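A.B. asks: Residues per chain, in single letters:
There are 2 protein chains.
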Amino acid sequence: MELSTEIKSDIKIAQEAEIKPIKDIAEQLDLLEEELEPYGHYKAKISLDLMERLKTKEDGKVILVTSINPTPAGEGKSTITVGLGQGFAKIGKKAMIAMREPSLGPTMGIKGGATGGGYSQVIPMEDINLHFTGDFHAITSANNALAALLDNHIHQGNQLQIDVRRVVWKRVVDLNDRALRHVIVGLGGPLQGVPREDGFDITVASEIMAIFCLATDIQDLKRRISKIVVAYNIKKEPVTVADLGVEGALTLLLKDALKPNLVQTLEHTPALIHGGPFANIAHGCNSVIATKMAAKLADFVITEGGFGADLGAEKFLDIKARAAGIKPEVVVIVATIRALKMHGGVPKDNLKQENLEALSNGLENLQKHIETIQAFGLPFVIAINRFVTDTKNEVQKIKTWCAEQSYPVALADVWEKGGDGGVELAQLVLETINSAENCFAPLYDVSSSIIEKVKTIATMVYGAKDVEFSSKAQKQIIEFEKFGWDNLPICMAKTQYSLSDDPTLLGRPTNFTITIREFKPSIGAGFLVALTGDVMTMPGLPKKPSALNMDVNEEGKAVGLF
Amino acid sequence: MELSTEIKSDIKIAQEAEIKPIKDIAEQLDLLEEELEPYGHYKAKISLDLMERLKTKEDGKVILVTSINPTPAGEGKSTITVGLGQGFAKIGKKAMIAMREPSLGPTMGIKGGATGGGYSQVIPMEDINLHFTGDFHAITSANNALAALLDNHIHQGNQLQIDVRRVVWKRVVDLNDRALRHVIVGLGGPLQGVPREDGFDITVASEIMAIFCLATDIQDLKRRISKIVVAYNIKKEPVTVADLGVEGALTLLLKDALKPNLVQTLEHTPALIHGGPFANIAHGCNSVIATKMAAKLADFVITEGGFGADLGAEKFLDIKARAAGIKPEVVVIVATIRALKMHGGVPKDNLKQENLEALSNGLENLQKHIETIQAFGLPFVIAINRFVTDTKNEVQKIKTWCAEQSYPVALADVWEKGGDGGVELAQLVLETINSAENCFAPLYDVSSSIIEKVKTIATMVYGAKDVEFSSKAQKQIIEFEKFGWDNLPICMAKTQYSLSDDPTLLGRPTNFTITIREFKPSIGAGFLVALTGDVMTMPGLPKKPSALNMDVNEEGKAVGLF
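Line by line, the protein sequences give chains A and B. With positions in the first sequence counted from 1, the corresponding number in this note's numbering is that position plus 90. With positions in the second sequence counted from 1, the corresponding number in this note's numbering is that position plus 90.
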């Protein structure tokens with residue numbers, strides 16, 4: 091395999107693509123005209139009325155895409171998700187993709203797009219990576235309206251006797267802005283509010299984002315919003331949105347955003363891009379509503395979890411699938427030879443050299459994630475995302491390893507070849523759905539104790555030998571039981587780079603303990619976040635942010651975006 | 091005149107209205123299909139390519155609507171603007187309305203909608219009053235991205251040697267949030283940025299909003315953004331967006347927002363609703379691009395200024411019209427009998443009683459604004475916005491007063507009767523355009539001195555006998571001359587309630603002095619703000635904010651919005 095003489099940037103490929111009017115994509119899906127709410131010519135929202143119209147229609151099959159623990163080498167989970175959708179179309183199947191919306195913060199900072207890559211992208215990628223249809227802005231507005239209403243309540247007499255030292259609701263911006271991490275608000279004297287310590291998170295870390303992605307309809311959205319705990323009163327009892335009486339207003343601010351967004355891939359495969367919660371302090375998947383809608387509109391839905399299978403797939407299966415009654419048919423586990431070599435001990439700069447021993451060692455990481463998917467009773471397929479530097483011997487090594495253990499594996503070349511490069515994978519996925527046994531069940535019972543639930547995840551998914559709880563976490567468990575919050579699923583906030591809570595331990599670490607430092611109740615979202623270390627909920631910008639390269643050219647088109 | 095047995099709320103009238111698909115409205119305007127970018131079925135953005143296609147077409151005639159100084163009695167300037175547009179349609183003329191977008195902050199707080207009232211509204215009013223097409227969110231993002239990039243520059247070594255005590259760029263939210271007026275950011279230690287005093291404004295007070303509304307195209311937008319002064323360095327020299335090198339990225343964030351938004355009135359008259367800067371620290375008019383586009387699409391454009399003629403019309407004529415090369419044909423000055431009685435000394439609770447003497451005294455306020463419009467060399471028409479409590483004698487009194495001075499006056503009943511109630515006014519406006527002399531010129535030469543320009547406005551528009559400049563303002567004038575900023579128009583920030591800088595002096599105060607406390611340079615927008623007192627750039631919420639009444643009903647429709 092050789093490098094092509096010109097490697098085109100993602101934005102160049104995306105901008106040169108022949109894009110179809112979104113109404114043509116909607117026609118493919120047999121949408122009624124009134125169900126499509128266009129946003130420009132190439133994106134649209136789909137009315138939730140569609141779910142009522144198609145409620146007796148059998149659901150399409152859900153395929154979950156996950157990966158090994160991410161490395162700086164890149165795995166390409168989104169690229170495989172898009173490429174697999176295109177591959178399904180190539181073999182004549184009606185497939186649809188359901189993915190997360192990207193956050194503007196990282197776009198202005200450092201990250202590549204979250205819309206796939208090469209010839210497996212969703213378009214129009216500039217729109218999707220910038221404001222898109224305004225969903226995140228609506229979530230930001232609802233989050234910050236709640237903060238303003240809360241501070242106003244305190245300022246106007248504080249009838250609920252909120253302890254200003256125990257306000258837990260933070261404001262958000264959809265930007266990387268480190269200067270807002272720790273702030274003091276309400277300064278300037280008695281007419282300017284009540285001074286207190288505060289901080290801002292990035293929008294994707296808002297509990298409203300998590301709620302938005304777990305709600306099954308608008309009334310469920312309102313119910314969940316009303317349960318958000320915003321503060322504690324002077325008796326240390328929780329104060330909720332319902333106590334403030336503003337769940338109706340916040341729901342109103344979200345009513346249009348709740349409609350999934352329809353776009354297309356470079357090969358015109360329909361895709362719903364909707365919602366995008368953090369994958370550490372939240373569950374990291376696109377909205378339940380989008381996944382369910384895609385299942386009504388297509389025979390196969392390809393969707394992804396955040397980070398690797400230890401975080402993303404676990405949360406998809408234990409939180410999202412449980413809340414929404416979704417049963418996945420198969421899990422695709424994505425890996426690259428480069429990344430496996432990193433897990434096997436090769437530093438980033440040496441990845442171009444063939445290294446069969448490192449590859450062999452790195453396969454341990456993949457092996458652990460396979461066992462995790464098996465623990466959920468689900469069939470799986472391994473997808474090797476091809477890279478130009480992969481050697482023949484390395485490819486053979488993986489094939490042999492899979493053959494020895496009867497693991498289904500397919501090579502995917504969707505970055506370079508689009509859907510054609512995903513045909514082999516699509517066929518294997520289809521065969522696996524039709525032949526493999528599926529006895530899916532979440533890993534734990536929500537009614538078991540908080541400690542038991544955390545231990546189940548840590549031992550069965552991460553391979554930890556034990557879990558330690560800080561004294562703070564132990565006190566919180568007692569308190570949560572008192573408030574009746576113990577019967578909720580657990581959302582683990584752990585480093586994505588390692589199966590353990592130490593980001594430097596790649597491969598398959600053993601004999602380690604997971605420490606739960608603290609819990610964060612997300613009662614509206616309906617889970618308890620278990621924090622294993624410091625989690626960054628407001629990223630910063632690098633010294634040379636990508637914003638420095640961005641521009642609009644004479645024709646009004648985006649320049650320098652990835 | 092009697093009260094009808096049932097007075098419907100604005101939202102009830104708006105939701106019961108028969109709304110046409112926006113593509114039908116676009117057809118009325120002969121838009122090309124590719125020029126219309128629908129946002130749902132009832133609102134759309136219009137591509138700026140249209141301006142190129144129609145560049146040789148003769149412009150329609152611009153009609154500016156302004157009013158007496160606003161009072162708690164209500165004048166209904168927006169209602170008249172919409173009703174006059176509908177009235178023009180009734181007499182067979184091709185008219186279009188150009189108005190400001192409302193801010194979400196006041197919507198959640200206390201204010202009624204900014205989309206007209208009764209049977210003279212623009213619809214869909216819920217959408218327009220909530221997120222609309224996301225323009226304000228784009229402006230918020232661009233404003234806050236600049237703040238994040240600025241604080242990041244300081245944190246990453248501060249190559250530009252910015253004095254952290256002299257950062258003048260503030261973050262914004264499109265909410266009423268008093269707790270954000272005065273804050274400290276960058277707390278938490280050396281990894282969390284550099285601590286400094288800061289504050290948030292409401293989005294409509296952002297200089298980016300003013301720039302957005304004055305830019306003539308996307309390249310002009312970028313040019314203006316690059317000139318924004320964000321801070322001063324340790325040598326007290328201005329630091330601009332161009333110095334940070336991020337004007338391209340900020341323009342990119344605004345490229346879609348810059349396209350005007352097409353909606354319709356209750357009677358399907360097309361309206362462009364676009365941009366909405368503050369009328370005190372900015373110029374208070376909808377975007378130049380929308381006004382110019384409306385003039386390409388219709389024979390008559392009805393547009394409004396902010397507040398009364400002393401602020402809104404003056405700024406429309408001296409700032410917007412000058413920057414954009416717009417020449418208005420006639421100015422409509424709106425008044426209500428109720429409001430004139432307040433200017434004549436009647437307290438709000440007694441407005442229902444007939445009071446001819448107070449009315450007579452209140453007419454002095456109207457008289458001053460007439461003189462102002464005459465000073466600009468423009469013809470005018472007085473529009474009396476009818477109210478159910480107006481008595482026959484009061485109406486007669488106004489008619490007689492106008493007749494005595496040969497002032498053209500029309501009664502408008504557009505709130506209750508829609509376009510039919512605006513026919514008389516539309517006819518009078520048309521006659522005035524066709525017959526009256528128009529020798530429009532801005533009031534002052536931009537190349538005259540700052541002091542001279544301020545004095546011209548204060549004496550000729552407000553009727554002040556003199557202007558005093560604080561010692562701070564005097565120092566600033568010297569500094570601005572040094573920076574070459576003195577050749578810019580002046581944007582007065584003064585109370586809207588009085589012709590003077592004392593909000594309690596209604597009617598036509600005389601023998602008063604205006605005090606300029608301070609200047610605020612808006613170099614990107616291209617004007618110098620002259621502050622006559624404290625200007626609130628971040629409103630607060632009332633004890634019982636209107637958010638408490640808002641909800642979404644079972645069908646997903648807005649409830650409790652006005």
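Do not rely on the hints blindly, as some may be mistaken.
Since the list gives no way to pick out one identical chain from another, each pair is judged satisfied if it fits inside one copy or across any two copies.
Below are the DSS-like pairs computed for lysine-lysine, each with C-alpha atoms no more than 25 Å apart in a straight line [what the hints assert, rightly or not]:
| id | residue 1 | residue 2 |
| --- | --- | --- |
| 1 | 572 | 634 |
| 2 | 325 | 565 |
| 3 | 345 | 326 |
| 4 | 565 | 326 |
| 5 | 386 | 489 |
| 6 | 610 | 487 |
| 7 | 183 | 565 |
| 8 | 633 | 317 |
| 9 | 183 | 386 |
| 10 | 507 | 633 |
| 11 | 647 | 145 |
| 12 | 565 | 555 |
| 13 | 151 | 572 |
| 14 | 113 | 345 |
| 15 | 572 | 482 |
| 16 | 147 | 633 |
| 17 | 183 | 317 |
| 18 | 562 | 325 |
| 19 | 345 | 102 |
| 20 | 634 | 147 |
| 21 | 507 | 489 |
| 22 | 489 | 438 |
| 23 | 184 | 647 |
| 24 | 147 | 417 |
| 25 | 345 | 110 |
| 26 | 562 | 345 |
| 27 | 487 | 507 |
| 28 | 634 | 545 |
| 29 | 317 | 647 |
| 30 | 634 | 345 |
Hints listed in this document are in silico derivations from the structure and should not be mistaken for laboratory results. A quick note: this is a predicted structure, and the numbers were derived from the prediction, not measured.
A.B. asks: Hint by hint, note whether the structure agrees.
C.D. replies: Outcome of the hint check:
{"no.": "1", "hint": "572 - 634", "verdict": "neither (49 Å within a copy, 33 Å between copies)"}
{"no.": "2", "hint": "325 - 565", "verdict": "within (16 Å within a copy, 54 Å between copies)"}
{"no.": "3", "hint": "345 - 326", "verdict": "neither (33 Å within a copy, 48 Å between copies)"}
{"no.": "4", "hint": "565 - 326", "verdict": "within (13 Å within a copy, 53 Å between copies)"}
{"no.": "5", "hint": "386 - 489", "verdict": "neither (36 Å within a copy, 66 Å between copies)"}
{"no.": "6", "hint": "610 - 487", "verdict": "neither (44 Å within a copy, 69 Å between copies)"}
{"no.": "7", "hint": "183 - 565", "verdict": "neither (53 Å within a copy, 74 Å between copies)"}
{"no.": "8", "hint": "633 - 317", "verdict": "between (40 Å within a copy, 23 Å between copies)"}
{"no.": "9", "hint": "183 - 386", "verdict": "within (15 Å within a copy, 49 Å between copies)"}
{"no.": "10", "hint": "507 - 633", "verdict": "neither (35 Å within a copy, 61 Å between copies)"}
{"no.": "11", "hint": "647 - 145", "verdict": "between (41 Å within a copy, 21 Å between copies)"}
{"no.": "12", "hint": "565 - 555", "verdict": "within (23 Å within a copy, 71 Å between copies)"}
{"no.": "13", "hint": "151 - 572", "verdict": "neither (40 Å within a copy, 70 Å between copies)"}
{"no.": "14", "hint": "113 - 345", "verdict": "both (22 Å within a copy, 23 Å between copies)"}
{"no.": "15", "hint": "572 - 482", "verdict": "neither (60 Å within a copy, 70 Å between copies)"}
{"no.": "16", "hint": "147 - 633", "verdict": "neither (52 Å within a copy, 49 Å between copies)"}
{"no.": "17", "hint": "183 - 317", "verdict": "neither (42 Å within a copy, 54 Å between copies)"}
{"no.": "18", "hint": "562 - 325", "verdict": "within (19 Å within a copy, 50 Å between copies)"}
{"no.": "19", "hint": "345 - 102", "verdict": "between (35 Å within a copy, 19 Å between copies)"}
{"no.": "20", "hint": "634 - 147", "verdict": "neither (51 Å within a copy, 46 Å between copies)"}
{"no.": "21", "hint": "507 - 489", "verdict": "within (21 Å within a copy, 78 Å between copies)"}
{"no.": "22", "hint": "489 - 438", "verdict": "within (23 Å within a copy, 85 Å between copies)"}
{"no.": "23", "hint": "184 - 647", "verdict": "neither (33 Å within a copy, 33 Å between copies)"}
{"no.": "24", "hint": "147 - 417", "verdict": "within (16 Å within a copy, 60 Å between copies)"}
{"no.": "25", "hint": "345 - 110", "verdict": "between (28 Å within a copy, 22 Å between copies)"}
{"no.": "26", "hint": "562 - 345", "verdict": "neither (38 Å within a copy, 49 Å between copies)"}
{"no.": "27", "hint": "487 - 507", "verdict": "within (23 Å within a copy, 81 Å between copies)"}
{"no.": "28", "hint": "634 - 545", "verdict": "neither (42 Å within a copy, 47 Å between copies)"}
{"no.": "29", "hint": "317 - 647", "verdict": "between (43 Å within a copy, 22 Å between copies)"}
{"no.": "30", "hint": "634 - 345", "verdict": "between (37 Å within a copy, 23 Å between copies)"}
Checked against the numbered hints above, the structure breaks hints 1, 3, 5, 6, 7, 10, 13, 15, 16, 17, 20, 23, 26 and 28 and satisfies the rest.
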